[in-house]
Amino acid sequence: MIIGLVSGTVASAHKDPSLQGLTLLAVQELDLTLAPTGNHLIAADSVGAGQGDLVLISIGTPAMHTESTANRPIDAVAVAIIEDVNLE
Amino acid sequence: MIIGLVSGTVASAHKDPSLQGLTLLAVQELDLTLAPTGNHLIAADSVGAGQGDLVLISIGTPAMHTESTANRPIDAVAVAIIEDVNLE
Amino acid sequence: MIIGLVSGTVASAHKDPSLQGLTLLAVQELDLTLAPTGNHLIAADSVGAGQGDLVLISIGTPAMHTESTANRPIDAVAVAIIEDVNLE
Amino acid sequence: MIIGLVSGTVASAHKDPSLQGLTLLAVQELDLTLAPTGNHLIAADSVGAGQGDLVLISIGTPAMHTESTANRPIDAVAVAIIEDVNLE
Amino acid sequence: MIIGLVSGTVASAHKDPSLQGLTLLAVQELDLTLAPTGNHLIAADSVGAGQGDLVLISIGTPAMHTESTANRPIDAVAVAIIEDVNLE
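As you go down the protein sequences, you meet chains A, B, C, D and E in turn. Residue 45 in our numbering sits at position 45 of the first sequence; the count goes up by one each step and never skips. Residue 53 in our numbering sits at position 53 of the second sequence; the count goes up by one each step and never skips. Residue 50 in our numbering sits at position 50 of the third sequence; the count goes up by one each step and never skips. Residue 76 in our numbering sits at position 76 of the fourth sequence; the count goes up by one each step and never skips. Residue 64 in our numbering sits at position 64 of the fifth sequence; the count goes up by one each step and never skips.
Careful, some of the hints might be misleading.
Heads up, the list lumps identical chains together, so a pair's fine if it works in one copy or across two of them.
[Said to hold, decoys possible] Cut-off 20 Å, straight-line C-alpha distance, at most; resulting in silico cross-link-like pairs (EDC-like, lysine to aspartate or glutamate):
no. : residue 1 : residue 2
1   : Lys-15    : Asp-53
2   : Lys-15    : Glu-88
3   : Lys-15    : Glu-83
4   : Lys-15    : Glu-29
5   : Lys-15    : Asp-84
Derived by calculation from the structure, the hints in this document are not laboratory data. The model shown is predicted, which means the values in this text are computed figures rather than measured ones.
Please model the entire structure based on the sequences and the hints provided.
Given below as structure tokens:
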């Protein structure tokens, strides 16, 4: 998984029926110190994440293993809102 | 998922029967501000996308989970035409 | 999918029985303008591709969804011989 | 698989029910000489790994094939604690 | 698939039961001319490969499709020992 910062949402004019009802988050990847890596992606939301939230993103086939993404063509999903990364 | 700009199509001389009937889009990857990242890929189309459209591309096994790509050797598919990325 | 140029073949001294009968192509990745990207990979062949052919390569689990690669440990397969990339 | 150094843990405020009971490790990737590569990721734990442990991380769908990660949206899991990399 | 050079093995202090009996190879990636790319990974062995062998590595879910890796959390496996890459 990667750590991401929710930076916005994606509005679609026309979409595959399989995406109906999903919120699509525009996400910036962060490193373990919560600094931006320069990478980014679009992820579905399964935890009610919003603008400014730190989220945990699962990528690939595992992203289809939440209740809201099952059997959908979704390759990235926010599976948790992160409180803190504890680097001891 | 990633954001892409449809830049053309791919014409094939000979193809695996499993690709029959699919449109193959030549896509440039864009970042969240819609600037090109320099990456590119070929994606199947499931939303009637054409030259100049902004599209949402799903990659990997999830790309086989649209009606038009089921059980085909397709690792990338356009699943939505994007109207806007709202960076609040 | 990516665009590749078939640059040769791989001969193996000893291989897993699951690879029996497959041709393994040495492939250079090309960009949308058909210039080399500097990346490369080994792909199975499902379309009778040979030295110098432009091919469309499917990568990952979808590569196991052609008749010749089903249930084999193949993560990349040439699924079409490309005639042209039409950048309008 | 990759070699990682466990550098901490991730605490989540809210998570998908499918993640219940899993420890999420903050991991730095190491190369074969055990030097950091600069890459990092978040992985579930299946071997009781802790701060400072060298771990073997499996990535992608295979990460869902341990007892603790089965059918969960987990794309990376620590499957072994590494004692040594023997470069002969 | 990628071409790799077997550079050693990984010894683990503690591992997930699903890894029992597998040899874990430390592998350097090579390009089509057999020069190192600087990338590396850990792969299971399904062909009896040893130190100094050139191997063909399958990556991702397809790596779980050999007899020795079936249903295990293995994301990379050596599926052939390479004799030569013929760049015509």
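Right, here's what the structure says about each hint:
1. Lys-15 - Asp-53: between (26 Å within a copy, 13 Å between copies)
2. Lys-15 - Glu-88: Neither, since 44 Å and 22 Å both go past 20 Å.
3. Lys-15 - Glu-83: between (33 Å within a copy, 11 Å between copies)
4. Lys-15 - Glu-29: Cα proximity of Lys-15 and Glu-29: across copies only (18 Å, versus 25 Å in one copy).
5. Lys-15 - Asp-84: Classified as between; 13 Å across copies, 35 Å inside a copy.
Checked against the numbered hints listed earlier, the structure breaks hint 2 alone; every other hint is satisfied.
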